[in-house]
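Undergrad: As you go down the protein sequences, you meet chains A and B in turn. Counting from 1 along the first sequence, just add 105 to a position and that's the residue number in the working numbering. Counting from 1 along the second sequence, just add 105 to a position and that's the residue number in the working numbering.
Hints in this document: simulated from the structure, not taken from any laboratory. Ideal placement from N, C-alpha and C gives every residue a C-beta, glycine not left out. It is possible that some hints are incorrect.
With a cut-off of at most 30 Å between alpha-carbon atoms, the simulated DSS-like pairs for lysine-lysine come out as follows [unchecked claim]:
#1 Lys245/B x Lys313/A
#2 Lys183/A x Lys438/A
#3 Lys495/B x Lys313/A
#4 Lys385/A x Lys162/B
#5 Lys245/A x Lys438/A
#6 Lys495/B x Lys245/B
#7 Lys313/B x Lys385/A
#8 Lys162/A x Lys162/B
#9 Lys385/B x Lys313/B
#10 Lys385/B x Lys385/A
#11 Lys385/A x Lys245/A
#12 Lys495/B x Lys385/B
#13 Lys385/B x Lys313/A
#14 Lys385/B x Lys162/B
#15 Lys162/A x Lys495/A
#16 Lys385/B x Lys245/A
#17 Lys385/A x Lys245/B
#18 Lys245/A x Lys313/B
#19 Lys162/A x Lys385/A
#20 Lys162/A x Lys385/B
#21 Lys245/A x Lys162/A
Chain A is faced by these chain B residues, among others (derived, beta-carbon under 7 Å) [unchecked claim]:
#22 His109
#23 Leu119
#24 Arg123
#25 Val124
#26 Ala126
#27 Leu128
#28 Ala160
#29 Val330
#30 Thr331
#31 Phe335
#32 Trp338
#33 His341
#34 Gln389
#35 Leu405
#36 Ile408
If you want the footprint, here are the derived chain A segments under chain B, 3+ residues with CB under 8 Å [said to hold, decoys possible]:
#37 117 to 126
#38 218 to 227
2 protein chains.
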Amino acid sequence: MESHDFFLYLLIILLTARVFAELATRLQAPSVIGELFAGVVLGPSLLDWIEPVEAIKLMAEIGIILLLFEVGLETDVKRLVRTGLKSFVVAIAGFILPLVSGFSLGYWVFNLSPLVSLFIGGTLTATSIGITVRVLSDLKRQQAPEGQIVLGAAVLDDILGVMLLALLYEFSIGGGVSLLNASKVLVFVGAFFVLAPVAAKLISLIIKRFDAVSEIPGLLPTTIVTLVLFFAWLAHALGAPELLGGFAAGLALSRRFFLPLGIALHSDECFAHRVEDQMKPIVQLFTPIFFVFVGLSLNLRQINWDSTFIWGFSLTLLAAAIAGKLVGAFLIKEPWAVRGVIALAMIPRGEVGLIFAELGRVSKIFSNEIYAGMVMVIALTTLLPPFLMKWFYGRYGDRL
Amino acid sequence: MESHDFFLYLLIILLTARVFAELATRLQAPSVIGELFAGVVLGPSLLDWIEPVEAIKLMAEIGIILLLFEVGLETDVKRLVRTGLKSFVVAIAGFILPLVSGFSLGYWVFNLSPLVSLFIGGTLTATSIGITVRVLSDLKRQQAPEGQIVLGAAVLDDILGVMLLALLYEFSIGGGVSLLNASKVLVFVGAFFVLAPVAAKLISLIIKRFDAVSEIPGLLPTTIVTLVLFFAWLAHALGAPELLGGFAAGLALSRRFFLPLGIALHSDECFAHRVEDQMKPIVQLFTPIFFVFVGLSLNLRQINWDSTFIWGFSLTLLAAAIAGKLVGAFLIKEPWAVRGVIALAMIPRGEVGLIFAELGRVSKIFSNEIYAGMVMVIALTTLLPPFLMKWFYGRYGDRL
Numbered sequence: 106m107e108s109h110d111f112f113l114y115l116l117i118i119l120l121t122a123r124v125f126a127e128l129a130t131r132l133q134a135p136s137v138i139g140e141l142f143a144g145v146v147l148g149p150s151l152l153d154w155i156e157p158v159e160a161i162k163l164m165a166e167i168g169i170i171l172l173l174f175e176v177g178l179e180t181d182v183k184r185l186v187r188t189g190l191k192s193f194v195v196a197i198a199g200f201i202l203p204l205v206s207g208f209s210l211g212y213w214v215f216n217l218s219p220l221v222s223l224f225i226g227g228t229l230t231a232t233s234i235g236i237t238v239r240v241l242s243d244l245k246r247q248q249a250p251e252g253q254i255v256l257g258a259a260v261l262d263d264i265l266g267v268m269l270l271a272l273l274y275e276f277s278i279g280g281g282v283s284l285l286n287a288s289k290v291l292v293f294v295g296a297f298f299v300l301a302p303v304a305a306k307l308i309s310l311i312i313k314r315f316d317a318v319s320e321i322p323g324l325l326p327t328t329i330v331t332l333v334l335f336f337a338w339l340a341h342a343l344g345a346p347e348l349l350g351g352f353a354a355g356l357a358l359s360r361r362f363f364l365p366l367g368i369a370l371h372s373d374e375c376f377a378h379r380v381e382d383q384m385k386p387i388v389q390l391f392t393p394i395f396f397v398f399v400g401l402s403l404n405l406r407q408i409n410w411d412s413t414f415i416w417g418f419s420l421t422l423l424a425a426a427i428a429g430k431l432v433g434a435f436l437i438k439e440p441w442a443v444r445g446v447i448a449l450a451m452i453p454r455g456e457v458g459l460i461f462a463e464l465g466r467v468s469k470i471f472s473n474e475i476y477a478g479m480v481m482v483i484a485l486t487t488l489l490p491p492f493l494m495k496w497f498y499g500r501y502g503d504r505l
Numbered sequence: 106m107e108s109h110d111f112f113l114y115l116l117i118i119l120l121t122a123r124v125f126a127e128l129a130t131r132l133q134a135p136s137v138i139g140e141l142f143a144g145v146v147l148g149p150s151l152l153d154w155i156e157p158v159e160a161i162k163l164m165a166e167i168g169i170i171l172l173l174f175e176v177g178l179e180t181d182v183k184r185l186v187r188t189g190l191k192s193f194v195v196a197i198a199g200f201i202l203p204l205v206s207g208f209s210l211g212y213w214v215f216n217l218s219p220l221v222s223l224f225i226g227g228t229l230t231a232t233s234i235g236i237t238v239r240v241l242s243d244l245k246r247q248q249a250p251e252g253q254i255v256l257g258a259a260v261l262d263d264i265l266g267v268m269l270l271a272l273l274y275e276f277s278i279g280g281g282v283s284l285l286n287a288s289k290v291l292v293f294v295g296a297f298f299v300l301a302p303v304a305a306k307l308i309s310l311i312i313k314r315f316d317a318v319s320e321i322p323g324l325l326p327t328t329i330v331t332l333v334l335f336f337a338w339l340a341h342a343l344g345a346p347e348l349l350g351g352f353a354a355g356l357a358l359s360r361r362f363f364l365p366l367g368i369a370l371h372s373d374e375c376f377a378h379r380v381e382d383q384m385k386p387i388v389q390l391f392t393p394i395f396f397v398f399v400g401l402s403l404n405l406r407q408i409n410w411d412s413t414f415i416w417g418f419s420l421t422l423l424a425a426a427i428a429g430k431l432v433g434a435f436l437i438k439e440p441w442a443v444r445g446v447i448a449l450a451m452i453p454r455g456e457v458g459l460i461f462a463e464l465g466r467v468s469k470i471f472s473n474e475i476y477a478g479m480v481m482v483i484a485l486t487t488l489l490p491p492f493l494m495k496w497f498y499g500r501y502g503d504r505l
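Start from the sequences, fold in the hints, and give me the full structure.
TA: Structure (structure tokens):
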């Protein structure tokens, strides 16, 4: 690809994302909806101006990882640990119920093969942490109890989702399912999630020392991005989702990082502030690329809007997808308004669901019709919750 | 390319660039040498760990354009206009003399064909504005009179270089040379250079207005990068080098932007400061990628170090390359120390020379031997001046 063509793509993406985000806020909608919509407009669904070329895809992936880094940066580890059990309940229920109901509907109601039904269930398990987090932070509720529960649950769901994807992938290429492999991954990921923030904290102390003595400007942006990319890469190498690495690095550098064992690793407020200040413009530049990319990946033209099967299929699965996530929220002990927000926040399937559906399509497990139906389910679960959450906060925000 | 592989490449590039830059400053060398050297070490010359894949190349190009944006941001337009004539003399002399001497040496001394000789001359004309600017700004001499003269001359050389490249390209594919086309490009580029900063200034006023009212964070990083990419794209569309667009956008947003015609477009110090603060981390993140990329593109293994022809050929051309740029500096009326710095600063051929040489190679005009010789000339002209400039400032800095 010629660099001037790439510049044109990138500038159209950045500009359209901004214009639609501004329009969305004027219309009282969440800004992330504007960015997703920008992708839908620019992509194959409508104008087909922008192809999701590799360099854009890679910058989008940097975007989501940096967004999770920022989320980590603003997370209070103590509070995350405190809400841990509730997150766990929400995540497990929101994983198992959509999987089971998706499978059952596919197998018994729509008479599909077990493998297809399993993939349908898998697609419904995902939670798009990116979209959820953006909506919460747009509404400034990321630090609230419900925000922390959702954050923890979405992270856990991502881990479970990746493991299921790996299992289904083995299954689909006929390699059989190895529970040994699956549990190995689980151990690795667990170890990563406990050890990575500590390791990142130690590295950040080295960066801080160099920051004090380096004569060349620009130490923080390059080394912090390096750190984030390293943990993203490491997470992937251990079988975990890459954005978990970004989150772990963010946690380690946050002002509220806390270690049960080592009180010596206390955080330096001033350094944490410098990191936040310098990383913010970089994060803000990359994240819209991600949301536009999600919109670009949704091809709404693939949906045959006249087919009664697709409408029946996708609306049934949509109900299952929503109900499956609702139950988890109502299993925990919280005021009903908090449960309501958690339930809504867990609904978006976003890019994770698309990855599942795409895997189903390329491995020829999903027919075009099933694929289109799944895309519709993913689109609706992704596009509706931001509106619903905003409305819910507007109406019941005083009870939270 | 898988995203985790890309993350690994990118983090190795960023980390190695930083480590080598820090080492370079400890050894009293300019930090840009460290970054170039990082590329040489990681690339085909030595370890061959990193391939210059497309996404890295595109990010490197964003890097050089953003660097030129930052240079523009710090440029005093009044002073640039004042040094205009001197820059013009330096640029024209530094363009014609290497072209003529390169051609003559190729044709008469080494008995090469006229076309090959013309390409050799063309390769010698380039001035790598990126490397020159980095060395000057590392030494904090960018705002000094010699810095402004060199900056103007390097920009003009870039325009002349691109025009020559276009002509040689037409020539090499046998299309004949159209002077009409060449003059059309010259008019376009001239118009661009006069009008682009004014247009960018007008757009920046719109951005400033939105900055005051937008409720979504991150307006400045996305819109300013969009603006820079747009002018880079526009510059290319009009036949000018892309980095000129970055420079024009930077000029327009600088605190010292000045218009002979419209005094109404005065700059707002506070807004200019905000732009600088938020763009700095982004520029600092992307620019090292560019310099590492230049190092990656240099394959020193292609040089047959035992061949007497190559040594004779490249050392002769090196002398011509250096002498050709020296003369221009001594045509202008400045203290001799200033002339000395200007002469040294104009020597690096860097990435522009490599583009010429690469065009010669792929169009089979350069044999492997000639190409290797040219790479050696480019490598030496690129790697030596930063050291020489630093030494020169250390020794004669008090006379400037």
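Undergrad: Among all the numbered hints in the text so far, which are the ones the structure does not match?
TA: Violated hints: 25, 27, 35, 36 and 38; rest satisfied.
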